[in-house]
Structure formats: structure tokens, C-alpha cells
Amino acid sequence: METYALYLSAAMAIAIPALATGWAQSRIGPAAAATLAEKPELSVTVVLLIAIPETVAILGFVVSVLILMQGGG
Amino acid sequence: MSRVRMLGPIEQLQPVLRSVQDLGLVHLVETQETGALKILGLTPEQARHVRGVRKIAEDVHAAIDLLGTAPQGAGTTLDLTLPRAALIAGRTRRQLEALDAKRRDLEEESALILKFQPFFSTFRRISESGLDLDGIRVFYLVLRDGSEQEVRRVRLALRESLGDVFELLSQASESGEAAMILAVPKEHGTQAERLLSEAGVQSLTLPDQFEGESVGATVQRMQTRLTALPDDLTAVEAERERIARERGADLMRIRAYVEDHLATVEAMEKAAVTPRAFVLEGWIPRAAQSQLERQLDKSFGGVVEVEALSSEDWLGESAPVVLNNPRIFRPFEAITRMMPLPKYGTVDPTPFVAVFFPMFFGITLGDIGYGVILATISLVLRLRSAPNSKMRSISEIGIACSLFTIIFGFLYGELFGDLGHRIGLHPIIFNREEAVFPFLGLALALGVVHVVLGLFVGAVKMFRRNKRHALGRGMAGLMVVLIAFALMAATGMLPDRFFTPLVITTLVALPVLVIAEGALAPVELVSTLGNVLSYARIMAVGTASVMMAVVANRMTNAFGGVVVGVICALLFHLVNFVLGVFSPTIHMLRLHYVEFFGKFFSPGGSQYQPFRHWSPRENAVEERSA
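Same order as they appear, the protein sequences are chains A and B. When you line the first sequence up against numbering that gives the first Met the number 0, it's residues 0 to 72, in that order. When you line the second sequence up against numbering that gives the first Met the number 0, it's residues 0 to 625, in that order.
Because the hints were derived from the structure by calculation, they are not lab data. No residue lacks a Cβ here, since even glycine has one placed at the ideal position from N, Cα and C. Hints are supplied without guarantee of correctness; some may be wrong.
Below, in silico cross-link-like pairs of lysine-lysine (DSSO-like), each with a Cα-Cα straight-line distance of 27 Å or less [to be verified]: (1) B:K342 with B:K185; (2) B:K389 with A:K38; (3) A:K38 with B:K342; (4) B:K54 with B:K101.
Computed from the model, here is a short list of chain A residues facing chain B with C-beta under 8 Å [claimed, not checked]: (5) L41; (6) V43; (7) V46; (8) L47; (9) A50; (10) T54; (11) I57; (12) L58; (13) F60; (14) V61; (15) V64.
Just the calculated beta-carbon pair ranges, DEER-fashion [stated by the list, open to error]: (16) B:P510 with A:Y6: 43 to 49 Å; (17) A:A33 with B:V371: 38 to 44 Å; (18) B:V459 with A:A14: 43 to 49 Å; (19) A:S25 with B:A444: 32 to 38 Å; (20) B:A444 with A:L41: 29 to 35 Å; (21) B:I427 with A:R26: 41 to 47 Å.
All chains should be built: construct the whole structure from the sequences, respecting the hints.
Right, here's the structure in full:
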């Protein structure tokens, strides 16, 4: 039972932030495309805006690995 | 930069401008009007002349663009009169536009014929089956889904609406669609048209040039035109090449001359004059100021005076900025230029980017095999790119990144993932497949170093302007270090006895931070610690990359046959390589722009654009950096 809980929590630690990141990027992406069509000079800002939500997924990944390692998985 | 003012007799204004243009170092700005000093405007006659020159510039640019590859030509002297230049530029532009329109028409005709030909070949076969087309309206139809059920559905719909007064013949075309000919009495034409439109059946309209001919004759003519079109296109291309050969050099000279002329007019408009004297103001690199003085003294024998304005006189004005770094750092200016230029007098982050960007990239990708591939691609790009071009900068950044990738590949013992371990390469620092914690520790340690460096750079630059904020910035950096050490002591990486002193020092430093930076400073500190955590992406992206390489290597045994396995592994490595280059680039850019630049970078500088002779290369560089 503990092993299941360990793997489930590790999976959730990455899955939920990844879904959140995906949702955020799905909103930023179309706005970014529209922005670039009008102002191509804002490409750096757009790349940054798209990359910012990825922090959540990356931290989720780190937490997931920590759960697995601490639990001896 | 130095702010300089040039003064002289008004009749010397034009020669002085020519001399300044020859030197090509002064970024001219509009001179302030004061008292008798008025901005020199253009007379109506001069304005008319400038409009004419602008029209020539427009024509000549359009003509050169239409020629495609720019012909060779140099110099800004023109052995033609301006009316003659206007005639050549205007006429060449019109001829080239006509040729371009003809080329587009021919290409469009070719595309149309290629699109229609298969359908009309099918229509011809249908019409040869005995349909009498006299006195009736004929629709040429294409059904995307050419299955029999769809054809039957259309037939039933027509029967319901028109009864039995139509003839529908169909045949599958080579592309899997159904080509159909619908024949209806003319009085039912409109009704059939509406029905087809409602049913979403596409009706083909013959291209204009084939209107009014029978299906058989149309197919025949299409074939004839397809054979003749390549020759027509070759003739158009030959004519364009003839124009390039005969007038290319003239066009280049005209372009350089008119651009130079317009730049002089713009410079003249920035001068302020009294009835007898002129004043010009501008910025010049401090080291070049004596060169300007010598040049004007030599040319005008002391009648033109150059004076440097003291910084108090221009304090608050924004001096133009030029990024000037040692050769080894210069390619990385491309990364800095992707952000707005830094304000004059603030820090140019390029040297820091040149050190940290390729290093972080190498730590993330860290594989000898991928590094060698990246180095090869970068070297090829460098050989094929023009000096000072953006591609040259990218290729040189690629070379630096690949070197760090190879170095860290050795340190991790990785060659295309774990293939290195299999052939005897051993990790020197740690094995990334297993050592997740050490890798995370390395990433966060780099984060501490990078963020604290950014805070200290900001503190040093702020010290002269605002000592209290500089102290606060420095204190924030110090507290990040203290907190990092305290965490290390708490987790056993440092001896336990350090923990209490470190925590006490941090608590003592906190009020100092609040006094220096205000009540929101602790929130800012937490945000800075979040910035450090963001460097965990180095470990996350790096681990993902190595695990994908390991999976690729395991594919060799996973598909039964070795050949299939090796092909799959190579393809997977290719995908991993592309991701492994793209992903770290984006993430490292973000770490620099958000986490690092955010601590000290002050955007808002204007580009240094000296008044100089026009040249295609300089113009291209300016357009790219704008």
C-alpha cells in the first residue's frame, strides 16, 4: 500500500504541475502568436512568457524525483 | 561617450558635414534652439528637391530588390546627373516590375494547369463516352470523397430537385476524387447551381484562357501550354539577367549616392544656425574625440571649433549606446541585443553571458557525441556565414556551447548517453543517470552563484547613485549566500556547528535589509530564493536528455533485429539531439533574461548610429540590430 502511495504521489507531483503548465501555455501560445504577427520585435518577451510556466513543471519534476528517492523507489 | 559641439561660419556647414560624414564617428542629435539660434529648416525649393531624391531612392531600392542578388558596385560618387539617375531608376523599376508580374502570371498559369489537367483529362474521357453537350448547361464537378455512395447521394439529391431532366456522368480521377459532368437544360441551370452549392459540391471554372473551348480542345491546349511554359520562364529570367548585367552597377552607384545625399539632408536639419554661424551637436566615443578635432582643424584651418560639453551640461539626456566587447565575447552580443539595449552608463551584461550561457548549456547537454555533432554543424555554419552577420554570431555561440558540452560529457562519462560507460568512459564528477541529488545540488549552487553575482553587480553599479539601495542589494546577495550555507549545514553537507551561527547572522542581517530596501525587502528576498530554485531546470532538462539517450541505446535490442533497432536508436538520438539543443537554449535564455538580468540590467538605451557614408553591409547590420 505504501509503495502505491509513493508512486501515486510522485506521479501526481509531476502530473498536476505539467497539466497546469500545459493549460497556461495553451492560453499564452495563441496570444503570443497574435502578438508576433503584429510585433515581431517582441519575440524575446514572447519566448520568456511561454517559458515562465515551465518552471512549475520543472519544480514538479524535481519534487517527484525527491519523493521517489526519499521513498527508496 | 563625449557630447561635442561644432561651431563655424554658416557657409562652411556643408563642407563640415561632408568631413564629419567622411570620419563616420559622430552620432548627430538635434541642436537646441536658444535665442538667435534657430533650427535650420529646408526652403520650399530644397524640400521639393529632397522629395525628388526620396522618389529616386524608392525606385532604386525596389529595382535592386527585384533583381534578387544584389549586383556588385562601390563608391558614392555619381557620374550621372540626378535627372538621368531618376530616369534610369524609374525605368528599370517599371521594367523589372513588369517582368516580375509576367513571371508570376506564368507560374500561376503552370500551377493552374497542373491543378486542372487531371480533372479535365477525366472530363474528356467522360465526354468521349457519347454525351451530347449541345444546348445544355454543363457543370464540371469534383467530389472530394469519390466513393460510389457519395456519387449516388449527389445523384439522388439532383433527382429529388430536378426530376429526370439531367445527365450525370462520373469517373474516379487518379487522385481518388470523383470527376463528374452534370448536364442540365439551360432553364434548370440556376436551380442546379444552387443545389450544388448547398450540397458543398465543388464546381470547377475553367481558367480564363481556356474559356469557350470544348473539353477535348482544352486538354490539348493545356498540354501545349505546359510544354511552352518553361521556355517562357527562361526568357523572362534571361531578360532580368540582361538588365542586371547592363544596369546593375549604375543602380548600386545611384543607391549609394542618393542614400548618402538623404543622410546629409537629415544631418543638416539637425543643425542650428544664426545669420552667420552654425552649431552642430552630437555624440562621439571619447577615444575618437581628438580624431574629430584633428580632422576639422586640418580641413578648415581653425575656423571650425570643436568643444566637448561637460557631463553636467548633458546630465539626464540619454547618450547613445554601442556594445563594445573583446573579440571573444562579441558573438554573445547577439543574445544581449535580443533585449532592448542597456541604458548608457549601466552594465553591458555580454561578458557575463559569454561565460555563463555556454557553461550552463554544456552542463545541461553534457555529452561528447552530441557536442561533436553540434561543433561540426556550428563550424560548417561559420564557414558559410558572412563576417559580422547574425548567422556568424550564432555559429560562434554554437562552437562555445559545443566545447562546454564536450568538456562536461567527459566529466559525466557520457557519449550518446550511456554508450560511453559501455566502451570504458567513466564519470569523473558523477553519473547523471543515478546521481540526481548531486546534479540538483550543482544546479542550485550555480543558481546561487549566478543570482548573487547579479545582485553584487547591481550593488556596485548603484553605489555611486544610491548608496542605501546599493547596500540593500548587496545585503540581499549576502543573505542568499547565508541561507544557502544554513541549508547545507541543516542537510549535513556542512558541519552541524555552523548552523546556529549562520541562522543568527541571517536574522541580524534581515533588519539591515529592511532599513536599506524598505518593508517589502523580505518579499523580494523570497522571490530571489525562488529565482535560485529556478536553476533546478538545469538538472531537470539535463536528466531528461540523458534518460532519453539511454532509452535510445536500449532500442538496439528491443526490436528483434539489430538493423531495425540501430535505425530506431539513431532516429531517437536525432530527436534527442534536436530537443537537447533547443530546450537548453530556451531555458538558458530565460535564466539569463529573467533570473540574472533582473538583478541589475537597465534597458532603454538608444543605438549609436554615427553619421557616415551609406554602405549596403552597414545598412544590413543596422536593420538587423534595430
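For A:K38 and B:K342, compute the direct alpha-carbon distance and say whether it is at most 27 Å.
The hint holds at about 22 Å.
Distance restraint evaluation - A:S25, B:A444, Cβ atoms, bounds 32 to 38 Å:
Because 34 Å falls inside the window, the suggested range holds.
Between A:A33 and B:V371, is the Cβ distance one that fits in 38 to 44 Å?
holds, 40 Å
Between B:V459 and A:A14, is the Cβ distance one that fits in 43 to 49 Å?
Since the Cβ atoms of B:V459 and A:A14 sit about 44 Å apart, the hinted range of 43 to 49 Å holds.
Status of the A:V43 interface restraint (C-beta, 8 Å, chain B)
Interface hint status for A:V43: holds (5 Å vs cutoff 8 Å).
Need the status of pair B:K54, B:K101: alpha-carbon distance at most 27 Å?
holds, 24 Å
Going by Cβ atoms only, is A:A50 closer than 8 Å to chain B?
holds, 4 Å
Tell me if A:L47 is really an interface residue toward chain B, meaning its C-beta lies closer than 8 Å to one of theirs.
Nearest chain B Cβ about 6 Å off; hint holds.
Against chain B, is A:V64 within 8 Å by beta-carbon distance?
holds, 5 Å
Does A:T54 meet its interface restraint, that is, does its C-beta lie within less than 8 Å of any C-beta in chain B?
holds, 6 Å
Please verify that hint: A:L41, Cβ, nearest Cβ of chain B, below 8 Å or not.
violated, 11 Å
Closest C-beta approach of A:I57 to chain B relative to 8 Å, hint status
holds, 4 Å
The structure is inconsistent with the numbered hints 1 and 5, although it conforms to all the rest.
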